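Undergrad: Residue numbers (UniProt numbering), protein chains in the order written: chain A, 1 to 296; chain B, 1 to 268; chain C, 1 to 258.
If you're looking for bench data, these hints aren't it; they were derived computationally from the structure. These numbers come from a predicted model, not from an experiment. Glycine is no exception: its CB is placed at the ideal position from the N, C-alpha and C atoms. Just so you know, not all the hints are guaranteed correct.
Stated by the list, open to error - Using 27 angstroms as the maximum straight-line C-alpha spacing, the simulated DSS-like pairs for lysine-lysine come out as follows: (1) A:Lys-253 - A:Lys-164; (2) B:Lys-134 - A:Lys-158; (3) C:Lys-204 - B:Lys-134.
To be verified - To give a feel for the contact side, a few chain C residues facing chain B, derived at Cβ under 7 angstroms: (4) Phe-28; (5) Thr-32; (6) Ser-55; (7) Asn-62; (8) Ala-66; (9) Gly-92; (10) Ala-93; (11) His-113.
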Amino acid sequence: MTSIGTGYDLSNSVFSPDGRNFQVEYAMKAVENGGTAIGIRCKDGVVFAMEKLVVSKLVKPGANKKISTVDKNIGIVCSGLMPDGRHFVSRARDEAASWRGLYKAPIPTSALANRMGSYVQAYTLYSSVRPFGLTSILGGWDSEAELPVDGQVGSGPKVGAGGKKEGQKRGGPFLYMIEPSGLYWGYYGAATGKGRQSAKSELEKLNLSEGDITLEQGVKEAARIIYVAHEDSKDKDFELEMSWVSSLDGPTKGRHEEVPKALREEAEALAKKVIEGEDDDDEEAEGGATGDQMEE
Amino acid sequence: MNHLPQAWGRPRDDVYGAYNASFLPQDGPKQHTQSPIVTGTSVVAMKFKDGVVVAADNLASYGSLARFTDVKRLRQFNTRAVLGFGGDVSDMQHLDRLLTSLSLRENYADPGSSGDETDTASLDAKNLHTYLSKVMYKRRTDFNPLWNHILVAGLDDADKPFLASVDLLGTTFSAPSLATGFGAHLAVPILRRVAPDEAAAETLSMDDAVNAVKEAMKVLFYRDARSLDKYSIAVIRKDGVQLKEDEKLEGQSWAFAETIRGYGTQIH
Amino acid sequence: MAFAAPDHGPGYSFTSPTTASAPKQHGFYPYTDNGGSILGISGADFTILAGDTRSTSGYNINSRMAPKLFRIGGEGPDATGARIILGVVGFGADGAALKERLDTIVKIYRYEHGKDMSVKACAQRLSHLLYGKRFFPYYTHAILGGIDEEGKGALYSYDPVGSYEREQCRAGGAAASLIMPFLDNQVNFKNQYVPGSGEGHDLKAREVVPLSRNYVMELVEDAFTSAVERHIEVGDGLQVLVVTENGIEERISPLKQD
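Okay, chain A solo, but in the shape it has when bound:
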């Protein structure tokens, strides 16, 4: 570690003379070693993918899911300390429930990101707590339909006061990433964890800001990016966990769900093919060195 706190790193509520909160920076270190997690905002939905490193052969494959659902339409994937992630998700669910309690409607993704950002930030303020060792990618599809409030029974006036406005645009895909400092931004594509650098550069190539990538493409790209990002720690086995949320007329009908097994396997097969293709190229260039294995 390059920086030595010289005493300013022992407490959360103390700045260093050059204006740094070392506890927060250490929390970010915890994230840097976590499994790679990404989120892609597509035109008709959001995809999440997580590189789940196999910690032991005694752990059941497919168990211990790391991507969670909040309300019906929001997904969260965390990289970093898993127990912190569980607590984070639990809090997010409570926020979503309390929003419903107050507003009788699902929480917008932006509002949840805001509340969770504030929550994480609060853990940088007090000496009695430590920050979250966590970077979370939070995304969802806010319904494009005119949603009734929970329990609404009628459709209201058709014209005049309270009447409907034709062609009004609502909802859509949203994606946010929240860091240990509480900093959160909206993203077209977000990556965190060990392989974030290569994942980010792959995400950048997709020109997500143009907003024409479809959800199905997104799933395939997400799988590929996780495989690419895994290249640097090839010696370790991993499972690919993927989830998605589409528009109301899309495959998940506005709900955040696990990507169906068949589609995930298709995307994985494609990703492996691409990676092997690249390896062949590498072999030609480097003369067939298996650099990763040699590191051991």
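Use these hints to put chains B and C onto chain A, whose structure you have.
TA: Relative to the frame of chain A, chains B and C by itself:
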């Protein structure tokens, strides 16, 4: 003006009479619902060989005023259960929110595996009825009832048709055909002719069941003053729920009305 | 209360009190009667509980198949292996709640003690459950059946607030007043005398003997077919549960539906 500040700015009692405070909340024990306010009338339902059909009209009455005419009183809980609510509409809305939060929590606990298999994680109609009956019984025991009579229609854990009722007292029962409110008097006899017992319901076709329920809705519209000819109807089967919320009663015949004497302005 | 009129001193009015008239009566009555009848008879080595399967609300028949007899304890929701049976009539929702509570208690007893609860203990526990709600009673008439520690048929009957007694036979519910005198006469041989055993007070009462299971079954059926004729809330189906040391047997047969 007198010397009592409480009376400043108040109309004089000797001129205008004493202030009538009867509308103000009373001190004393906390008041719970003593009567329903905006109400829905009958819900009608019957089982058939591989599912259940349930219907309710789209009216919410405020006493004798037909207050809301597009109120949906059938609530689809999931692919295996539909609820039909009679009674207080705001209590129905409260229950709807309660069930939304229940289904969210159920989904958190066990999201199931998407699409690949049938979703066994979600609650079936029988589970839902048990849950609702405990909510309703608890509330009556607290003297704070939810003023509803609810029919739970759907499938049980073995995908067999399930139909049961729970009311504001927490009373529960199940039968091949059920109806709440006025329907208990007018619709049930019609439905029992079609399927007098479980054995008959097990051989009944969907069309026959739907027709019987529609016929019952028509009779209810003829005779129940708090009813409407726009209604919702749902069919729950293994392959999902078919819910129609904007149906119109068909084949009405008011010819009989001509023969009714004694209520109107007719001479003879 | 924030909006309440002042209830002391001079208020807005100086001539009459500002509070409204008497507080409103509760408009909600938490009970109803779901009709139906049950009866229980204990024999030398068995106990029979019987009940009709009709559920009513006023003149309406809610259901023709709403059993009032339940297995208590055992394993799982079907109470497999249970040796105690309960019959409840009166307010159906209270009956269901009472049954559910007793069932849970008996099941937990087995988990905690590694043996089944005796009918005697269960009977007393049921009394306590009822008395526990002495001031907001379970509006039910309960009858509990089982086999006692000596292998004899045991039958306990209860009032809504937990007063209970072990008996040979008991009828409860809507047609109790029709069935009970029949049972007194046919089970306990009340008003039956040995012919020619004397005059007036010298007449010898017919000796009470344990009845056979088949004979008791016939009595039960006669009791219900008769009750159905004379009581509108009784009918549709007859559910009979028989407990012996070998377990519980159930039979459901039709009754008139009118």
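Undergrad: State for each hint whether it applies.
TA: Each hint, compared with the structure:
Our distance criterion of 27 angstroms between C-alpha atoms is met by Lys-253 of chain A and Lys-164 of chain A, whose separation comes to about 23 angstroms. The suggested pairing of Lys-134 of chain B with Lys-158 of chain A is violated, with an alpha-carbon distance near 39 angstroms, which exceeds 27 angstroms. Taken as a hint, the Lys-204 of chain C and Lys-134 of chain B pair is broken in the structure, with Cα atoms around 55 angstroms apart against an allowance of 27 angstroms. Residue-level restraint check for Phe-28 of chain C holds (minimum Cβ-Cβ distance to chain B is 6 angstroms; threshold 7 angstroms).
Using the Cβ-Cβ criterion of 7 angstroms, the hint placing Thr-32 of chain C at the interface with chain B is satisfied: the shortest such distance is roughly 6 angstroms. A least Cβ separation of about 5 angstroms between Ser-55 of chain C and chain B falls short of the 7 angstroms threshold, and the interface hint therefore holds. Hint status for Asn-62 of chain C: holds, given a least beta-carbon distance of 4 angstroms to chain B, under 7 angstroms. At a threshold of 7 angstroms, the smallest CB-CB gap from Ala-66 of chain C to chain B is about 5 angstroms, leaving the interface hint in force.
Given hint, Gly-92 of chain C at the interface with chain B, holds; its Cβ is 5 angstroms from that chain's nearest Cβ, closer than 7 angstroms. This hint holds: Ala-93 of chain C has a C-beta 4 angstroms from the nearest C-beta of chain B, less than the 7 angstroms allowed. For His-113 of chain C, the interface hint is violated, the least distance from its beta-carbon to any beta-carbon of chain B being 28 angstroms, above 7 angstroms.
Hint check: violations occur at hints 2, 3 and 11; the rest are consistent with the structure.
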